[in-house]
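Participant: Residue-level listing of the chains:
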Amino acid sequence: KNQVEQSPQSLIILEGKNCTLQCNYTVSPFSNLRWYKQDTGRGPVSLTIMTFSENTKSNGRYTATLDADTKQSSLHITASQLSDSASYICVVSPHSGNTGKLIFGQGTTLQVKP
Amino acid sequence: DAGITQSPRHKVTETGTPVTLRCHQTENHRYMYWYRQDPGHGLRLIHYSYGVKDTDKGEVSDGYSVSRSKTEDFLLTLESATSSQTSVYFCAISRDSTYNEQFFGPGTRLTVL
Chain A
32 KNQVEQSPQS LIILEGKNCT LQCNYTVSPF SNLRWYKQDT GRGPVSLTIM TFSENTKSNG
92 RYTATLDADT KQSSLHITAS QLSDSASYIC VVSPHSGNTG KLIFGQGTTL QVKP
Chain W
76 DAGITQSPRH KVTETGTPVT LRCHQTENHR YMYWYRQDPG HGLRLIHYSY GVKDTDKGEV
136 SDGYSVSRSK TEDFLLTLES ATSSQTSVYF CAISRDSTYN EQFFGPGTRL TVL
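Heads up: the sequence lines are chains A and W, in that order. Each number in the working numbering corresponds to the 1-based position in the first sequence with 31 added. Each number in the working numbering corresponds to the 1-based position in the second sequence with 75 added.
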């Protein structure tokens, strides 16, 4: 069964510190892997998207890495800010035609404290 | 929110009543999706549409129906709401399903008493 597992489930860090969120998936083959940020009470917003052939993708202070061999991805946040407090969702798109049926992880809830 | 609106944003209803949620987009994207989000679960696909009058089921479609009579509108109907359908519902759109760049709306919080 295609699955996406994220860890940790939740994380608390101090403002200015770095952190790394993990995503393991069993989806194969896959078209792309993306990371979304979801603020409380809002819809998810895309941070990065990587195809299976890409190893890393950055978006400002957010850097995503992908290891297709081990089926792992990580999202690294540098110099965290209070506004980074949110849920971060790893999403994998199976390579299964044009159905658009994404597979979502349950998310990691990040809290950045002053 | 990428030109996507959802209405209503909040709704409280009683078990057994019909409920319709509306998603409206101004992006002229071909694909539209309805998801539900519950604690302990990732976002789960209910139904999606790949064009006017073209729809298909997702993984949690039981108890839900959809309609798309115009490119810009995608309706989700709960024919007879149950407490298990209490959830936050998100609409999403994408231009090209192969690329799967999906943009999400602000969500509708539905409570079924």
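Simulated from the structure, these hints should not be mistaken for lab results. Hints are not guaranteed to be accurate.
Okay, derived cross-link-like pairs now, SDA-like style, lysine to any residue, Cα gap no bigger than 25 Å in a straight line [said to hold, decoys possible]: (1) Lys32/A <-> Asp137/W; (2) Lys132/A <-> Asn49/A; (3) Lys132/A <-> Thr90/W; (4) Lys132/A <-> Gly117/W; (5) Lys132/A <-> Val135/W; (6) Lys132/A <-> Glu89/W; (7) Lys32/A <-> Gly115/W; (8) Lys132/A <-> Tyr125/W; (9) Lys86/W <-> Glu176/W; (10) Lys32/A <-> Glu176/W; (11) Lys132/W <-> Lys88/A; (12) Lys132/A <-> Thr88/W.
Participant: Hint by hint, say whether it matches the structure.
Facilitator: Here is how each hint holds up against the structure:
1. Lys32/A <-> Asp137/W: holds, 20 Å
2. Lys132/A <-> Asn49/A: Violated, at roughly 32 Å.
3. Lys132/A <-> Thr90/W: violated, 30 Å
4. Lys132/A <-> Gly117/W: holds, 13 Å
5. Lys132/A <-> Val135/W: Distance of about 12 Å is within 25 Å: holds.
6. Lys132/A <-> Glu89/W: violated, 31 Å
7. Lys32/A <-> Gly115/W: Holds, because 18 Å separates the two Cα atoms, which is no more than 25 Å.
8. Lys132/A <-> Tyr125/W: holds, 12 Å
9. Lys86/W <-> Glu176/W: violated, 29 Å
10. Lys32/A <-> Glu176/W: Distance of about 23 Å is within 25 Å: holds.
11. Lys132/W <-> Lys88/A: It is violated: about 32 Å lies between the C-alpha atoms, which goes past 25 Å.
12. Lys132/A <-> Thr88/W: Not OK: Lys132/A and Thr88/W at ~29 Å, beyond 25 Å, violated.
Hints 2, 3, 6, 9, 11, 12 from the list above are not met by this structure, while the remaining hints are.
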